[in-house]
Amino acid sequence: EAGVAQSPRYKIIEKRQSVAFWCNPISGHATLYWYQQILGQGPKLLIQFQNNGVVDDSQLPKDRFSAERLKGVDSTLKIQPAKLEDSAVYLCASGGYEQYFGPGTRLTVT
Amino acid sequence: QKEVEQNSGPLSVPEGAIASLNCTYSDRGSQSFFWYRQYSGKSPELIMSIYSNGDKEDGRFTAQLNKASQYVSLLIRDSQPSDSATYLCAVSRAGSYQLTFGKGTKLSVIP
Numbered sequence: 001e002a003g004v005a006q007s008p009r010y011k012i013i014e015k016r017q018s019v020a021f022w023c024n025p026i027s028g029h030a031t032l033y034w035y036q037q038i039l040g041q042g043p044k045l046l047i048q049f050q051n052n053g054v055v056d057d058s059q060l061p062k063d064r065f066s067a068e069r070l071k072g073v074d075s076t077l078k079i080q081p082a083k084l085e086d087s088a089v090y091l092c093a094s095g096g097y098e099q100y101f102g103p104g105t106r107l108t109v110t
Numbered sequence: 001q002k003e004v005e006q007n008s009g010p011l012s013v014p015e016g017a018i019a020s021l022n023c024t025y026s027d028r029g030s031q032s033f034f035w036y037r038q039y040s041g042k043s044p045e046l047i048m049s050i051y052s053n054g055d056k057e058d059g060r061f062t063a064q065l066n067k068a069s070q071y072v073s074l075l076i077r078d079s080q081p082s083d084s085a086t087y088l089c090a091v092s093r094a095g096s097y098q099l100t101f102g103k104g105t106k107l108s109v110i111p
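If you read the protein sequences in the order shown, they are chains A and B. For the first sequence, our numbering begins at 1 and goes up steadily by one. For the second sequence, our numbering begins at 1 and goes up steadily by one.
Calculated directly from the structure, the hints in this document are not laboratory data. Given the structure is predicted, the values throughout are model-derived calculations rather than measurements. From the three backbone atoms N, C-alpha and C, an ideal C-beta is built for every residue, glycine too. Among these hints, one or two may not hold up.
Cβ-to-Cβ under 8 Å is the rule here; a few derived chain A residues that face chain B [said to hold, decoys possible]:
1. Thr31
2. Asp56
3. Pro103
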């Protein structure tokens, strides 16, 4: 069974630029999550989708972050404009009670 | 604010010893508990889940849950250098899939 796929794996941008991350969940998983993991911290949930609907986006900084999950499969997370403090690993996960993570995208904002 | 607390470590144990990792949580509504292993530069990998009080064993790993004390632990028997990683404790409330993670405990197994 293929795992969660994410791209790109690494991204370096300057502050105020925009960036987008892509995620393809494990086949058949209705629930998809985006997490932000800052160095030395545990992952923090940004947004949870059930199929193509948002279940919870209470911790998503909506002034600069947006996410969508069209057709209930792939998802994209966008940051515009990026700030220095957005430097982190962005993890996508899918599953129910047991969540499985993709390899993540390491974002560096300079 | 629902919190999950872990000792950040590092926890150093000799090869072959038992490593004991601890986690406390503040939300009494927490129902599901998970341990993830995260190697440096990699993403978290689910290694154990536990839903009821008591012990759950899987190979060299044993998860222990005490809901009255709001405490969950992970024991690693016969620790190997390959077990060196950060171990993340995560919890979710009843009826919710959302995970709240601790900051993780860094384990170092010394050959």
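Checked hints:
For the restraint placing A/Thr31 at the interface with chain B, the shortest Cβ-Cβ distance is roughly 6 Å, inside the 8 Å limit, so the hint holds. Below 8 Å, beta-carbon pairs count as interface contacts, and A/Asp56 has one with chain B at about 6 Å; its hint therefore holds. Interface restraint check: A/Pro103 against chain B, minimum CB-CB distance 5 Å, threshold 8 Å, status holds.
Consistency with the previously given hints is maintained throughout, with no hint failing.
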